[in-house]
Amino acid sequence: MNLLSVEGLTKHYPRFTLENINFGLAQGRIMGLIGANGAGKSTTLKSILNLVRPDNGKVEIFGLDFMQNEDICKQNIGVVLGEIDFYKQKKIHAITDVTKRFYNEWDEAAYQKYLKAFSLDPQKRVVELSSGMKVKYMLALALSHNAKLLILDEPTSGLDPISRDDLLGLFHQLVQGGERSILFSTHIISDLEKCADDITYIKDGKLLKSAEKSVFIDSFQYLKEAGEDGLLSLEEIMIRSERKGSYDI
Amino acid sequence: MTSKLLYKELRLAAHPNLFVFTFLGFLVIVPAYPYSMVFIFGCIAICATFMYGRETNDIYYTTLLPVKKRDVVKAKFLLVLAVQMVQILVSLPFAVLRVFVLPDGNPAGIEANVAFYGFGFIIYGLFNLVFMTQFFKTAHKAGKAFLLALIPAIPVVFAMEALVHFPQFAWLDSITGEEMLRQLPILIAGIVTYPIFTLIAYRISLRRFDMVDL
Numbered sequence: 001m002n003l004l005s006v007e008g009l010t011k012h013y014p015r016f017t018l019e020n021i022n023f024g025l026a027q028g029r030i031m032g033l034i035g036a037n038g039a040g041k042s043t044t045l046k047s048i049l050n051l052v053r054p055d056n057g058k059v060e061i062f063g064l065d066f067m068q069n070e071d072i073c074k075q076n077i078g079v080v081l082g083e084i085d086f087y088k089q090k091k092i093h094a095i096t097d098v099t100k101r102f103y104n105e106w107d108e109a110a111y112q113k114y115l116k117a118f119s120l121d122p123q124k125r126v127v128e129l130s131s132g133m134k135v136k137y138m139l140a141l142a143l144s145h146n147a148k149l150l151i152l153d154e155p156t157s158g159l160d161p162i163s164r165d166d167l168l169g170l171f172h173q174l175v176q177g178g179e180r181s182i183l184f185s186t187h188i189i190s191d192l193e194k195c196a197d198d199i200t201y202i203k204d205g206k207l208l209k210s211a212e213k214s215v216f217i218d219s220f221q222y223l224k225e226a227g228e229d230g231l232l233s234l235e236e237i238m239i240r241s242e243r244k245g246s247y248d249i
Numbered sequence: 001m002t003s004k005l006l007y008k009e010l011r012l013a014a015h016p017n018l019f020v021f022t023f024l025g026f027l028v029i030v031p032a033y034p035y036s037m038v039f040i041f042g043c044i045a046i047c048a049t050f051m052y053g054r055e056t057n058d059i060y061y062t063t064l065l066p067v068k069k070r071d072v073v074k075a076k077f078l079l080v081l082a083v084q085m086v087q088i089l090v091s092l093p094f095a096v097l098r099v100f101v102l103p104d105g106n107p108a109g110i111e112a113n114v115a116f117y118g119f120g121f122i123i124y125g126l127f128n129l130v131f132m133t134q135f136f137k138t139a140h141k142a143g144k145a146f147l148l149a150l151i152p153a154i155p156v157v158f159a160m161e162a163l164v165h166f167p168q169f170a171w172l173d174s175i176t177g178e179e180m181l182r183q184l185p186i187l188i189a190g191i192v193t194y195p196i197f198t199l200i201a202y203r204i205s206l207r208r209f210d211m212v213d214l
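Protein chains in written order, with our numbering: chain A, 1 to 249; chain B, 1 to 214.
Think of the hints as simulated: they come from the structure by calculation, not from any bench. As the structure is a computational prediction, the values presented were derived from the model and not from experiment. Do not rely on the hints blindly, as some may be mistaken.
25 Å max Cα-Cα, derived DSS-like pairs, lysine-lysine [claimed, not checked]:
| no. | chain 1 | residue 1 | chain 2 | residue 2 |
| --- | --- | --- | --- | --- |
| 1 | A | K134 | B | K137 |
| 2 | A | K58 | B | K4 |
| 3 | A | K100 | B | K4 |
| 4 | A | K194 | A | K134 |
| 5 | A | K100 | A | K113 |
Derived coverage of chain A by chain B (criterion: at least 3 residues anywhere in the stretch with Cβ under 8 Å from a Cβ of chain B; other residues may be distant) [unchecked claim]:
| no. | stretch |
| --- | --- |
| 6 | 44-53 |
| 7 | 90-97 |
| 8 | 101-109 |
Derived CB-CB ranges, DEER-like [said to hold, decoys possible]:
| no. | chain 1 | residue 1 | chain 2 | residue 2 | range |
| --- | --- | --- | --- | --- | --- |
| 9 | B | L148 | A | K203 | 38 to 48 Å |
| 10 | B | R70 | A | D229 | 50 to 60 Å |
| 11 | B | L6 | A | A110 | 58 to 68 Å |
| 12 | A | K58 | B | L92 | 44 to 54 Å |
| 13 | B | R70 | A | A94 | 55 to 65 Å |
| 14 | A | W106 | B | P195 | 32 to 42 Å |
| 15 | B | K141 | A | N20 | 31 to 41 Å |
| 16 | A | Y13 | B | A32 | 51 to 61 Å |
| 17 | A | A94 | B | F158 | 54 to 64 Å |
Heads up, the beta-carbon is just placed ideally off N, CA and C, and yes, glycines get one too.
Could you build the full structure based on these sequences and the hints that come with them?
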């Protein structure tokens with residue numbers, strides 16, 4: 001069963017169009033959303049969540065039409081769109097105290113566990129947190145209400161290598177039960193190699209490919225040049241697909 | 001949901017001066033003062049809080065909560081209604097008290113009488129109609145929305161403060177029972193127009209915010 005299905009998602013801007021994005025995320029899977037800067041990864045995630053109003057397309061979460069069941073769907077979604085960038089002068093505990101009231105299945109024990117695991121001090125103000133800690137706080141909020149689907153926009157950027165590795169390990173643990181799924185955008189390709197089951201690749205606002213990781217890698221082997229042995233890595237696939245020439249300064 | 005949204009607005013979205021300005025309803029006990037300023041302070045406080053919300057990315061946060069996108073608009077209207085009603089309620093005991101402690105009246109402008117509250121409701125209704133609908137076009141241009149909202153609100157402020165200085169409108173400045181009865185249509189006009197304007201503003205704001213990309 002697909003926890004998330006996106007069909008024909010389209011959003012027009014004056015100088016950019018996200019065009020006809022289709023993909024599905026099955027239960028118990030981790031999907032990496034990749035693409036160069038400005039390719040439309042964040043617009044895709046924001047359109048899925050109705051933060052950006054799509055011009056066309058349908059988003060179903062847990063089999064429900066998201067636009068018609070926004071509040072019900074969001075109860076079961078954990079969202080991290082980069083680091084926390086709101087209420088910079090507020091203390092963490094004040095933001096949590098308000099946020100938790102909105103979730104029917106808020107798990108205070110899980111929240112406390114994540115605070116401890118991420119070394120977050122609830123008495124600190126948002127402005128006092130480092131970039132990595134800001135992401136970790138958003139993750140703690142997203143993981144503390146029994147979300148079945150996690151939608152994460154570049155959750156690993158800003159994290160040190162140890163935290164990143166720990167987080168990818170946590171992703172694995174979260175989907176192990178087979179109930180949860182994770183969709184996360186990144187341009188840190190090694191993250192995908194470590195933990196993604198499926199890859200969705202967006203280029204210039206268009207879907208290039210969405211498939212299981214090994215199928216995805218196989219389908220891009222035509223980019224190999226004469227004399228090259230072995231499979232092209234995800235990084236090579238992306239570089240060769242995107243390269244338009246070096247900077248001419 | 002309503003109480004959660006209002007709690008969120010008061011705890012995270014409201015600028016501290018919103019609380020201070022809301023309690024400026026007590027200004028109607030100042031001996032000589034243009035009492036219409038009470039309502040202007042109310043409008044300024046709301047604008048300041050919306051500007052503060054822009055700096056704190058408040059609307060973005062609310063949209064991420066497990067609520068419908070339209071609840072973001074609902075939350076802001078709840079806050080505005082709460083501020084305006086509390087401010088009027090705060091001023092009422094002082095308006096009664098001043099009759100006893102300052103029997104000579106207010107030489108600066110209108111008395112805190114029935115007409116005063118009628119004009120107040122009209123000012124707030126007009127303010128909501130323009131400010132909220134303009135703000136939710138973009139969900140960030142609070143300053144422009146405020147200036148546009150002053151266009152219909154300020155003439156009412158000038159009217160209530162200036163008319164009482166003309167002898168034929170002296171009844172507007174009275175606190176006698178008989179003449180306050182004569183002022184009653186203004187209060188009724190305010191009580192009728194305020195919810196109508198606010199409801200229209202709410203509907204338009206919902207439609208506009210639905211189209212906003214965050």
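Going through the hints against the structure:
1. Note on K134(A) and K137(B): the hinted pairing is violated, with a Cα-Cα distance of about 30 Å set against a maximum of 25 Å.
2. Restraint check for K58(A) and K4(B): not satisfied, since their Cα atoms lie roughly 30 Å apart, outside the 25 Å limit.
3. Our distance criterion of 25 Å between C-alpha atoms is met by K100(A) and K4(B), whose separation comes to about 10 Å.
4. Pair hint K194(A) plus K134(A) holds up; C-alpha atoms about 23 Å apart against a cutoff of 25 Å.
5. Note on K100(A) and K113(A): the hinted pairing holds, with a Cα-Cα distance of about 15 Å set against a maximum of 25 Å.
6. Given as covered by chain B, the stretch 44-53 of chain A passes the check, having 6 residues with a CB less than 8 Å from a CB of that chain where 3 are the minimum.
7. Closer than 8 Å: that is the beta-carbon criterion, and the stretch 90-97 of chain A has 4 residues meeting it against chain B, so the requirement of 3 holds.
8. Only residues whose C-beta sits within less than 8 Å of a C-beta in chain B count toward coverage, and the stretch 101-109 of chain A has 3 of them, enough to reach three; the restraint holds.
9. The beta-carbon spacing between L148(B) and K203(A), approximately 43 Å, falls within the hinted interval of 38 to 48 Å.
10. Hint check: R70(B) to D229(A), Cβ distance near 57 Å, so the stated range 50 to 60 Å holds.
11. A hinted range of 58 to 68 Å is violated for the C-beta pair L6(B) and A110(A), which are about 27 Å apart.
12. In this structure, K58(A) and L92(B) meet the distance hint of 44 to 54 Å, their C-beta atoms being roughly 53 Å apart.
13. Here the CB-CB span from R70(B) to A94(A) is close to 25 Å, at odds with the stated 55 to 65 Å.
14. At about 35 Å, the CB distance of W106(A) to P195(B) agrees with the hint of 32 to 42 Å.
15. Between K141(B) and N20(A), the C-beta spacing of about 32 Å keeps the proposed range 31 to 41 Å intact.
16. Checked against the hint of 51 to 61 Å, the C-beta distance between Y13(A) and A32(B) comes to roughly 56 Å, which is consistent with it.
17. Restraint check, A94(A) to F158(B): a C-beta distance of roughly 42 Å breaks the suggested window 54 to 64 Å.
Violation of the numbered hints given earlier is confined to hints 1, 2, 11, 13, 17; the remaining hints are satisfied by the structure.
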